[in-house]
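Novice: Residue numbers (the working numbering), protein chains in the order written: chain A, 1 to 454; chain B, 1 to 454; chain C, 1 to 454; chain D, 1 to 454.
In short, the hints are calculated from the structure, not lab data. Keep in mind the model is a prediction, meaning the values are calculated, not measured. It is possible that some hints are incorrect.
Any copy will do: because identical chains look the same in the list, a pair fits if it lies in one copy or spans two.
[Stated by the list, open to error] When the alpha-carbon atoms are kept at most 30 Å apart in a straight line, the in silico BS3-like pairs for lysine-lysine are as follows:
| # | residue 1 | residue 2 |
| --- | --- | --- |
| 1 | K259 | K48 |
| 2 | K362 | K408 |
| 3 | K406 | K217 |
| 4 | K83 | K408 |
| 5 | K454 | K83 |
4 protein chains.
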Amino acid sequence: MIFHRIKSDVVAHLSYFIASGSEAMVVDPQRDVGVYLDLAKDQGLHIKYIFETHRNEDYVIGSRELSHYTGAEIYHGPWPDFKYGNKLKDGQLFKIGNIRVEALHTPGHTPGDMSYAVTDLETGDHPVLVCTGDTLFIGDAGRTDFGGPEKRKEWSENLYNSIYEKLLPLGDHVLICPAHGSGSVCGSKIAERETSTLGAERLMNPLLQLSREEFIKLKIEEEHQYTPYFKRMEKFNLEGAPFMGLNPYIQSVNPHEFKEYLDNGATLVDTRPPPAFGAGHIEGSYNIPVARLAMGGWVLPYEDPVILIVGNQSDVDHVARSYARMGFDNIEAYLAGTIVTWYKEALPVKPMRMITPHDLKKSLDAGEDWFLLDVRTKEEYESGHMRNAVNIYAGLVPTKLDGLPKDKPIAVYCKSGTRSSFVSSILLRNGFENINNMLGGMTSWIKAKYPYTK
Amino acid sequence: MIFHRIKSDVVAHLSYFIASGSEAMVVDPQRDVGVYLDLAKDQGLHIKYIFETHRNEDYVIGSRELSHYTGAEIYHGPWPDFKYGNKLKDGQLFKIGNIRVEALHTPGHTPGDMSYAVTDLETGDHPVLVCTGDTLFIGDAGRTDFGGPEKRKEWSENLYNSIYEKLLPLGDHVLICPAHGSGSVCGSKIAERETSTLGAERLMNPLLQLSREEFIKLKIEEEHQYTPYFKRMEKFNLEGAPFMGLNPYIQSVNPHEFKEYLDNGATLVDTRPPPAFGAGHIEGSYNIPVARLAMGGWVLPYEDPVILIVGNQSDVDHVARSYARMGFDNIEAYLAGTIVTWYKEALPVKPMRMITPHDLKKSLDAGEDWFLLDVRTKEEYESGHMRNAVNIYAGLVPTKLDGLPKDKPIAVYCKSGTRSSFVSSILLRNGFENINNMLGGMTSWIKAKYPYTK
Amino acid sequence: MIFHRIKSDVVAHLSYFIASGSEAMVVDPQRDVGVYLDLAKDQGLHIKYIFETHRNEDYVIGSRELSHYTGAEIYHGPWPDFKYGNKLKDGQLFKIGNIRVEALHTPGHTPGDMSYAVTDLETGDHPVLVCTGDTLFIGDAGRTDFGGPEKRKEWSENLYNSIYEKLLPLGDHVLICPAHGSGSVCGSKIAERETSTLGAERLMNPLLQLSREEFIKLKIEEEHQYTPYFKRMEKFNLEGAPFMGLNPYIQSVNPHEFKEYLDNGATLVDTRPPPAFGAGHIEGSYNIPVARLAMGGWVLPYEDPVILIVGNQSDVDHVARSYARMGFDNIEAYLAGTIVTWYKEALPVKPMRMITPHDLKKSLDAGEDWFLLDVRTKEEYESGHMRNAVNIYAGLVPTKLDGLPKDKPIAVYCKSGTRSSFVSSILLRNGFENINNMLGGMTSWIKAKYPYTK
Amino acid sequence: MIFHRIKSDVVAHLSYFIASGSEAMVVDPQRDVGVYLDLAKDQGLHIKYIFETHRNEDYVIGSRELSHYTGAEIYHGPWPDFKYGNKLKDGQLFKIGNIRVEALHTPGHTPGDMSYAVTDLETGDHPVLVCTGDTLFIGDAGRTDFGGPEKRKEWSENLYNSIYEKLLPLGDHVLICPAHGSGSVCGSKIAERETSTLGAERLMNPLLQLSREEFIKLKIEEEHQYTPYFKRMEKFNLEGAPFMGLNPYIQSVNPHEFKEYLDNGATLVDTRPPPAFGAGHIEGSYNIPVARLAMGGWVLPYEDPVILIVGNQSDVDHVARSYARMGFDNIEAYLAGTIVTWYKEALPVKPMRMITPHDLKKSLDAGEDWFLLDVRTKEEYESGHMRNAVNIYAGLVPTKLDGLPKDKPIAVYCKSGTRSSFVSSILLRNGFENINNMLGGMTSWIKAKYPYTK
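The following block holds chain A by itself, in its conformation from the complex (with noise of 0.2 Å):
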């Protein structure tokens, strides 16, 4: 048995590529397939099956584009009423070369999803894999807030089964291999580490210590962020997304092309880290680090063409790739030779203040007026915050910029300066003038021993 996971970064999405013999299965493959067939490739493979865990709100999933150049069989859960593929049944089993899969019906994230225990017949009968997608994450569970209020409960009961009843007694020695890792917008408390078992988390994992009444009350309050494009993702991922084909190809083009685009309305994303965004940058950009380039599905359009100002060419394709994973198949251009092009030109920049926190501190200690910014999760704000700062999330804050002083300096922070770039680009966007990004975020704050309040 092989075994292979893969990584998209930008919205920490998990997917696996298990094979046996000559036949290959992916779970939750991503949009641009090219990974899972070089590995069938290399390994003179033949993808067999492709299973989904459930419908993600996200991501795009490939398993049509994947299908379409392995004829590959495609198979999820009972719901949604997927307008591709076949719909599986709890138990169903696959055979792949000389390893069995066996279909859960695991529902809870939603009312569709799918766990996949895989046996590898080789070596005995017991189940060494489990696919839990969003079920079981390491170090955490789905949310179960897509359904809306009235389905909260039901679905969080129901999550509470699926652990309970269908995974944890596949037994402690059974790897678990979850549609997520750190950093996705599926689940906060994710870990860093991208291996477990049932047994280390039954062990460890926070919400697996709680008592039934306790996991469900969790589930029921936990706050989550609905970014907007998770919409255009429940849509593709229902129907099949548009097929992508060779990788997205974006324009180079020059300053003044670039500035056509500008005039014509497009919006402009620059993906350089905040502090060369801060030294000048055209007005009106989004600053989106690419270290942080899922906090675009907040803010950019889909109909609408997106051009690109990026720190290093080599940047481009991660960037287009990225964004096509997340449905954005309007990213047009970006300036050719980085920005330094456009400085030659000429054209105007505009700076974006940085502060670092022992001036923030000297000024405030002075008795100088600021409006402090907090722009990290709840939970992250809750854990340790500037006194007197006010907590908006990073992606409402287009939402809420009523309530935003202009008649005097903000400070925005979050945790290392890169969520709070992106926010101050909004506010500069939105006509506000003294922002001023917190170099180092709230972790320089507290290094520093600066004052802070739980």
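We have chain A already, so just place chains B, C and D on it with the hints.
Specialist: Same frame as chain A, now just chains B, C and D:
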């Protein structure tokens, strides 16, 4: 000015990527256009123009595919009546960054051939290179037989005039960038060296040492092969080939699925080296070693499936891409795990005999009766061949089987043993039984100092 | 916590790169350490510790080489008396970022074997994985014969105790990371699957289904090969192997230079597949196909030059690196342009006969007198072999030539035809003439439903 | 004949790999010789000769390193008295496969300069290319100042004679292969284009449009920079540089280890783009952006440790290799995780001011008192500069600090803003405080149509 020469191995085709400032042009792009997209991307360049030198016969041109991704404008000569792109005027000028391109009408190979003289204005006002298409090669000049016998004189005269009136006057110092390198079916005497100048050709190209009359006479009389797949290339390049998208993907299948393909009449190509093929192959297969894939153009069908045996998994990509360049979009599957998986299933194999020159010599000396078949070109044959050998060019063997004896052993040879293996496999397919491929070919025979005639 | 498993193909050796925060550790590094340096570089990590599980016999350990580049500290067990690095105490603890490593003394395979239990403190206080070296494999356990017959009982008891008292108590949920995968000479029953847990082994590892007495008896009695090159590995790994630096570089030479090497007594290895070797090879060469390079450990010299014939230029690197891992720093040259350049020079070649199972069956049925030589391991032989076949393990054939007949045809077979080709080439080197390698091996014989005995 | 041009970016050095049959030669190899080994390996070639055109001043030559791996013989000219390799005679001939190389003594740049004329005997008896070293560039010719003022006339005359008596007579049609391309300190007017011919140079090279007297006068008078690291290159290239082996490997360290380096006096190079550096950098660092690493030759020490801040992890290799080519074997560490890890530790950072041309213009118009520092070359300065700007070439600023005012703002500019950022960082290191780097440099100022003088 930036300059890249791109070589498509199997068809020995050369294309050119030339850029200045932030703009680029491509001359005669290959069908799999990723290489140009990557060059543009890595250097932040915008591909603005695609220039075709002529309607190619031996490979699929990628102009439309490249234009799809880049929006580049396509230009070509006045003949034939292309169904896409723009028609050029002799002397038409283009600007790419700081370079100037002049389109020169240089008919001869076809009535529509264009050359492109490039001047780097950064360094001065003299042209620095000229893309000569199939008009002038390094060591050779274009063939003039595609218009049929009735046009041959006129086209040959045109070719002479184009070289002497349009190209050479540009100056000895000008680099030439032809459309083909050594190994092309478009010129049998093309040198291995890939850089030259008009001056070097004027001094050393054998054709340019002839008088006008001699040149034209030679061009009218010289013999060329017309591979069957040319017909399709002409059609594709007139109308635009089907869109290819992602690089061709070929399924790996297991021995039983592979056998099913064969039972349904698929054409089988075995790309292993001749000795491996000789030691054991599947009945009915063509031996077309990786180094000689272009021979496939003589025998492969366009509509029905073709399937592959490869020596190394890593050859699959190369074979697929090479055949896609020749318009074969029907390579459907390859045997997973090389032929060993076939052996292990105890499925039937056949040997093909190899004979060393030493053993053949001994047998001939002993008076045994052999039919000696020389499958090289007429020119090669005439430059030295085994006594009593009959010359039939490899590609033509399928149409001349009647002249070959079934009642005595046939020794097949070429230059090194590759084309002769291809021919041997054809003979075996057609019921000939006593076929012997000579190891090391004529090269080996001569090295062994065995007698031969001219 | 970041985790990478690195596989060294030919010796089926597994090493591990584990990191947390900005620090990393490597367990049992291979000799060509670029892979670890790249992992560290790509993620901005500092390699702080190198842990060896034991004094290896089958490959050169890269600890000193890796420490040279990184300054990492090397740790190993209390036996033998290593000439470099630091000696560990049972239970000694280390901290790497946010993980804790506990060194466990797990003697058995040797008296100095160590295992390393890793706890990811980010997720909890239970160990999540254990590097088990040659103590516990997936589906097998370490061999206990390296101390000689007098130590075998004691070492086997130790092994049992180490597994039951040190490893299994860590918990069913703990991943195991052994030092070898399938194909290793260190454990013939190791599964192809490369991930498992203590629980899965407890449930399914055949050795862990035995009683203490059965386990120890089996360990004392099981047969293992001791490849001659082990001697050098033991010395290298005790003292530290010579510094390798840049990856090994092997000269390409032309046929005449190659012949000179041969005339001076160089050992010739031909890594082409058996059928190609059979069709024509240079007299005196060993056939060691790329897939079975480790067989070279049985016959290659350490001091005198070894030279290569490869099927593909691209194999040279793989062969060079693989043999460097086995301590062969004397691979000096390969024939440029594959064996075709040799053929073209009309230099002498010899065939090696291949026989299909069908032809062999016919001949046997016709009463012809064959010596059937089965060169698989004793275990493979006993699981089913041709009637009247004599079993000599491939590696031992050079020492048992006296028992083989020169007066009748010998059919050599293994599982698929590769080891038997190695043996056939040994027999040809030693003056045997009527040698026939069976295509597809026992696998093919069984698939053809021909009779065999157990 | 096979031909490859290899470019070493930072020092704009060009080397050549030329092969025929199974043999190859390399002209002026770079220090990291893997590229030549790979070319040889991929095509089954044996590197037989290494030719040096002259004792280089600006990069470490890799002849001895390459000879170590290949056994190739090294040849160079009669001056200076090299401690390795063989001395050539004018007119000495070599054979590589089917090509002939003639060594031509072409003194001028130094008394020992050699050129190598290459004839491809396969196509005829005229030379097809000539490696011209530092004698003739595309658009320029070698500098003649390394012998000091007293030798300058003689060397300049020699240079003229070498070009007119040795090179041009080879014929207009001959390709030239110089040792440097655009961006080299060895010729400020070298064209961006990398292919040319003797004829094209005769027609367009500005120096070849001059009379003998004008040429020699210009060569005697032209000004060149002598970067401090040249001294070490001269020594290394006379005696042979230290063996490098595996590519240079640089440790990643965490912020606290990094700070320790700084506290112990390490020199800090920050290779990020100027705006990022401006937004926040560590006090005392040099800003040497990746695109201008060669500036390091002016200020970096050879003995004491140098440490790095990079914008992208992936830059580390490029920086390490580039500085190794300049002989800096003392790059010891880089900050893991880019400067963000420094920010997060709340360690101190300093900004460097950037000013747009628009803001500077406004301020000047308002009568504010600025010191305008133009750090381009004298030639660039004279071709157009800001009114009242003082010209000090970037590399010379450290030696001319006394002339700069500490009591008023200094605006530093170059062509695009990179060298000026380097200079700004030098000034900050030296206690200047009111330093402003002009974004987009003189290019931007001119595009904005602001006034300037020549």
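Novice: So which hints don't hold here, by number, going up?
Specialist: 3, 4 and 5
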